[in-house]
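Q: Those sequence lines, one after another, are chains A and B. For the first sequence, counting from 1, position 293 maps to 293 in our numbering; every step adds exactly one. For the second sequence, counting from 1, position 178 maps to 178 in our numbering; every step adds exactly one.
Fair warning: there could be bad hints in the mix.
List of simulated lysine-lysine pairs, BS3-like, C-alpha gap at most 25 angstroms [what the hints assert, rightly or not]:
id	chain 1	residue 1	chain 2	residue 2
1	A	Lys376	B	Lys58
2	B	Lys58	A	Lys299
3	A	Lys385	A	Lys357
4	A	Lys224	A	Lys161
5	B	Lys58	A	Lys298
6	A	Lys123	A	Lys172
7	A	Lys224	A	Lys290
8	A	Lys164	A	Lys196
9	A	Lys290	A	Lys333
10	A	Lys302	B	Lys58
11	A	Lys379	B	Lys58
12	A	Lys72	A	Lys291
13	A	Lys376	A	Lys171
14	A	Lys376	A	Lys161
15	A	Lys291	A	Lys383
16	A	Lys333	A	Lys72
17	A	Lys383	A	Lys172
18	B	Lys191	A	Lys211
Some residues of chain A that are not near chain B, with every Cβ distance over 10 angstroms (derived) [as the list claims (entries may be wrong)]:
id	residue
19	Ile76
20	Asn96
21	Glu165
22	Phe199
23	Arg219
24	Leu240
25	Gln247
26	Gly280
27	Val281
28	Asp327
29	Ser328
30	Gly347
In short, the hints are calculated from the structure, not lab data. All C-beta atoms in this analysis are idealised placements derived from N, C-alpha and C, irrespective of residue type, glycine included.
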Amino acid sequence: MHRKWSAALIGAAMVLGGAAAAHAQEVLKFGGIGPLSGGGTAWGLAAQRGMEIAVEEINAAGGFKAEGKTYKLELIMYDDLYTGAGGKAAAERLVNQDKVKFIIGPVGSPPALGVISVTNPAKVIALTNGYAPQILKNDTPDPYNFRIYPTNIEFGPPLIKWLKENAPEVKKVGLLAPNDAVGQSVAGALAEDYRKQGFEVVLDLFERGIKEFTPLILRMMAQKVDAFEFDGNSPGDAGLMLKQIRQAGFKGKVIQIGGPGSDEIIEIAGPAAEGFLSYGVFDWDTPAGKKLRPIYEKKYGKGIINQFMPAFYHTVFMLVDAIKRADSTDTTKVRAALDAMDGFDAGIYGPVKWTGKESYGVNRQLMFTYYLAEVKGGKLITKAKFVP
Amino acid sequence: MLNATILGQVFVNGVSLSAIYILVALGFTLLFGIMRVVNFAHGEFAMLGAFALFYLMKTLEWHWAFALPVGVIGVAAASLVLEWLVFRWFYQRMFESMIGLLGLNMMMMFGAVQLWDVHERNIPTMSGDVLMMGDIIIPVDRLIVVIIALTALAGFYLFIRHTRAGLAMRAAAQDLETAETQGVDTRRTYKIAFFVAILLAALAGALWGQIYAVSPFLGERPLLMAFIVVILGGMGSIPGAALGGVLLGFTESFVGTFYGAAASAFLSFGVVILLLIVRPWGILGTPEN
Numbered sequence: 001m002h003r004k005w006s007a008a009l010i011g012a013a014m015v016l017g018g019a020a021a022a023h024a025q026e027v028l029k030f031g032g033i034g035p036l037s038g039g040g041t042a043w044g045l046a047a048q049r050g051m052e053i054a055v056e057e058i059n060a061a062g063g064f065k066a067e068g069k070t071y072k073l074e075l076i077m078y079d080d081l082y083t084g085a086g087g088k089a090a091a092e093r094l095v096n097q098d099k100v101k102f103i104i105g106p107v108g109s110p111p112a113l114g115v116i117s118v119t120n121p122a123k124v125i126a127l128t129n130g131y132a133p134q135i136l137k138n139d140t141p142d143p144y145n146f147r148i149y150p151t152n153i154e155f156g157p158p159l160i161k162w163l164k165e166n167a168p169e170v171k172k173v174g175l176l177a178p179n180d181a182v183g184q185s186v187a188g189a190l191a192e193d194y195r196k197q198g199f200e201v202v203l204d205l206f207e208r209g210i211k212e213f214t215p216l217i218l219r220m221m222a223q224k225v226d227a228f229e230f231d232g233n234s235p236g237d238a239g240l241m242l243k244q245i246r247q248a249g250f251k252g253k254v255i256q257i258g259g260p261g262s263d264e265i266i267e268i269a270g271p272a273a274e275g276f277l278s279y280g281v282f283d284w285d286t287p288a289g290k291k292l293r294p295i296y297e298k299k300y301g302k303g304i305i306n307q308f309m310p311a312f313y314h315t316v317f318m319l320v321d322a323i324k325r326a327d328s329t330d331t332t333k334v335r336a337a338l339d340a341m342d343g344f345d346a347g348i349y350g351p352v353k354w355t356g357k358e359s360y361g362v363n364r365q366l367m368f369t370y371y372l373a374e375v376k377g378g379k380l381i382t383k384a385k386f387v388p
Numbered sequence: 001m002l003n004a005t006i007l008g009q010v011f012v013n014g015v016s017l018s019a020i021y022i023l024v025a026l027g028f029t030l031l032f033g034i035m036r037v038v039n040f041a042h043g044e045f046a047m048l049g050a051f052a053l054f055y056l057m058k059t060l061e062w063h064w065a066f067a068l069p070v071g072v073i074g075v076a077a078a079s080l081v082l083e084w085l086v087f088r089w090f091y092q093r094m095f096e097s098m099i100g101l102l103g104l105n106m107m108m109m110f111g112a113v114q115l116w117d118v119h120e121r122n123i124p125t126m127s128g129d130v131l132m133m134g135d136i137i138i139p140v141d142r143l144i145v146v147i148i149a150l151t152a153l154a155g156f157y158l159f160i161r162h163t164r165a166g167l168a169m170r171a172a173a174q175d176l177e178t179a180e181t182q183g184v185d186t187r188r189t190y191k192i193a194f195f196v197a198i199l200l201a202a203l204a205g206a207l208w209g210q211i212y213a214v215s216p217f218l219g220e221r222p223l224l225m226a227f228i229v230v231i232l233g234g235m236g237s238i239p240g241a242a243l244g245g246v247l248l249g250f251t252e253s254f255v256g257t258f259y260g261a262a263a264s265a266f267l268s269f270g271v272v273i274l275l276l277i278v279r280p281w282g283i284l285g286t287p288e289n
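With the rest of the complex left out, here is chain A (with noise of 0.2 angstroms):
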């Protein structure tokens, strides 16, 4: 009976075995990396998800066509420990070990960093995010990675501008930022943008991991700032600052300048998340974030999505938009049809458009539409929008 059992299972094994090879695709593995452990890995993880959601979109709709050839795509995701170290390694491993030609991540400087010292040499598309102007601006002589996600470099400016006409009685700005590689670039150059535009700063570090921020606001108060900048903050961080803000009794405007995540900010803040400003870059009431949210939600349960899950998702169709349009997985001829994107509508950011020649020298920063939004009953109700 056993021996019966086993011939029938092989027998069904072999017929199915043969049907897949019938249907056989190309597989074009990608790699992605991000912080899947410690205290980056909300973002890491909104990164893996987004990516994932696109891949399976792709994938059921029949793959995508290049060469000649229908390509299924794979995700091969590595953790980067949110260091540069970690990014270097991961961005190793998938380039000589996996050998994929388009690694999409990380999200942070550090291991941007990492990941394009390897990938560059390679000649493998890296479609990264992180703040440090040097992703863009080295001395790579012939570079492969892009910027898929805006700096404060590109948003931070206009916000403060939009800032200094529409609340005149702003003239000394605290802010408050974690004493790291991020905290240190943010807001350094965040503090800068308001100076150059006529504010006064406060500025103070805190080492990351803290929650107790009333001390640094009675601080900050002391010194009798008109408002409060958070931006470099993680959104819990930020929403427990805004909490102990208001509870400390502040009165005036409370401003996050970057760093989106203001649905975990209004989650945590509660009513005293009333009247915060926040930028912001992918609205959930366009056609395309009600069909996103619940495919997110039917896969990955109900909660707050960070918003790099959509600017993942959106890369991996541009990433496939450029390969279709250069009819090719070269990398070479791959970067060429990126570079030639502008106007790219993948239906979540609207029309894309590649920046970066001034503040970089190349134009591979990408700029999307963005938002400035005030908190209000809860919501977030959008009071300028910025096209690039």
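Following the hints, put chain B in place on chain A, whose structure we already have.
A: What follows is chain B alone, placed relative to chain A:
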């Protein structure tokens, strides 16, 4: 920048910080004092306490006065499974306990990530009101936290001083072998001490989550704070934990406000290093033989 309002606010803030730090450190020092276990997973029990309160208050919509004791006792009771599976093997084995429980810490943290995802959640507030004393603002939720912490501290003191179980714990802490020859059931005593320590950790975590936020990474900071407090006050010393908590809370509040966050962190850790050099048993601890 020095005026009465700011000073008052700094004082209020110092009291509320101290209360939480004491709660976090009490259970930690108890486990060390009695079982010689350095509980690197302490912060994770705080995290569980916070999640328990989150589910009872947010999902089941219980009132906090009901949800807090049920959640905290529930976590402590459920943790007895871990006592049986893991902790009991490390009793009186300090160095092994550090490594073993560091592993447990990671397992619990990333288990929580799998279970609850990474984003931060907000526990409905116990009270959104503020009390005004002149120009000084006292958030009512912080006041409740201080009262609960003081009550827990007093209850704990009475338990240790005036119950048979408390007496057995003190005896076991002073001299294990003599206590056993005098008929102290150490296995049972350890179980009770573990339960009480986790109860305090879960309570600290629930209150921490209540005034801050809840996430699988909640435990990291309380663990660090517990370490500083306990090293300041003396490993295993209960009055030491109270004193260490007050010192750390007020240092953070005063130095943070007047000299900034970096100075505050520098001073806290600087004092810990200095103390480890000149008086490694802490302010109120006793030197190891």
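Q: If a hint holds in the structure, say so; if it does not, say that too.
A: Now the hints, each set against the structure:
{"no.": "1", "hint": "A:Lys376 with B:Lys58", "result": "holds, 22 angstroms"}
{"no.": "2", "hint": "B:Lys58 with A:Lys299", "result": "holds, 23 angstroms"}
{"no.": "3", "hint": "A:Lys385 with A:Lys357", "result": "holds, 23 angstroms"}
{"no.": "4", "hint": "A:Lys224 with A:Lys161", "result": "holds, 21 angstroms"}
{"no.": "5", "hint": "B:Lys58 with A:Lys298", "result": "holds, 21 angstroms"}
{"no.": "6", "hint": "A:Lys123 with A:Lys172", "result": "violated, 47 angstroms"}
{"no.": "7", "hint": "A:Lys224 with A:Lys290", "result": "violated, 42 angstroms"}
{"no.": "8", "hint": "A:Lys164 with A:Lys196", "result": "holds, 12 angstroms"}
{"no.": "9", "hint": "A:Lys290 with A:Lys333", "result": "violated, 34 angstroms"}
{"no.": "10", "hint": "A:Lys302 with B:Lys58", "result": "holds, 15 angstroms"}
{"no.": "11", "hint": "A:Lys379 with B:Lys58", "result": "holds, 19 angstroms"}
{"no.": "12", "hint": "A:Lys72 with A:Lys291", "result": "holds, 22 angstroms"}
{"no.": "13", "hint": "A:Lys376 with A:Lys171", "result": "holds, 24 angstroms"}
{"no.": "14", "hint": "A:Lys376 with A:Lys161", "result": "holds, 22 angstroms"}
{"no.": "15", "hint": "A:Lys291 with A:Lys383", "result": "holds, 24 angstroms"}
{"no.": "16", "hint": "A:Lys333 with A:Lys72", "result": "holds, 20 angstroms"}
{"no.": "17", "hint": "A:Lys383 with A:Lys172", "result": "holds, 22 angstroms"}
{"no.": "18", "hint": "B:Lys191 with A:Lys211", "result": "violated, 32 angstroms"}
{"no.": "19", "hint": "Ile76", "result": "holds, 21 angstroms"}
{"no.": "20", "hint": "Asn96", "result": "holds, 28 angstroms"}
{"no.": "21", "hint": "Glu165", "result": "holds, 31 angstroms"}
{"no.": "22", "hint": "Phe199", "result": "holds, 20 angstroms"}
{"no.": "23", "hint": "Arg219", "result": "violated, 5 angstroms"}
{"no.": "24", "hint": "Leu240", "result": "violated, 6 angstroms"}
{"no.": "25", "hint": "Gln247", "result": "violated, 5 angstroms"}
{"no.": "26", "hint": "Gly280", "result": "holds, 17 angstroms"}
{"no.": "27", "hint": "Val281", "result": "holds, 18 angstroms"}
{"no.": "28", "hint": "Asp327", "result": "holds, 40 angstroms"}
{"no.": "29", "hint": "Ser328", "result": "holds, 38 angstroms"}
{"no.": "30", "hint": "Gly347", "result": "holds, 26 angstroms"}
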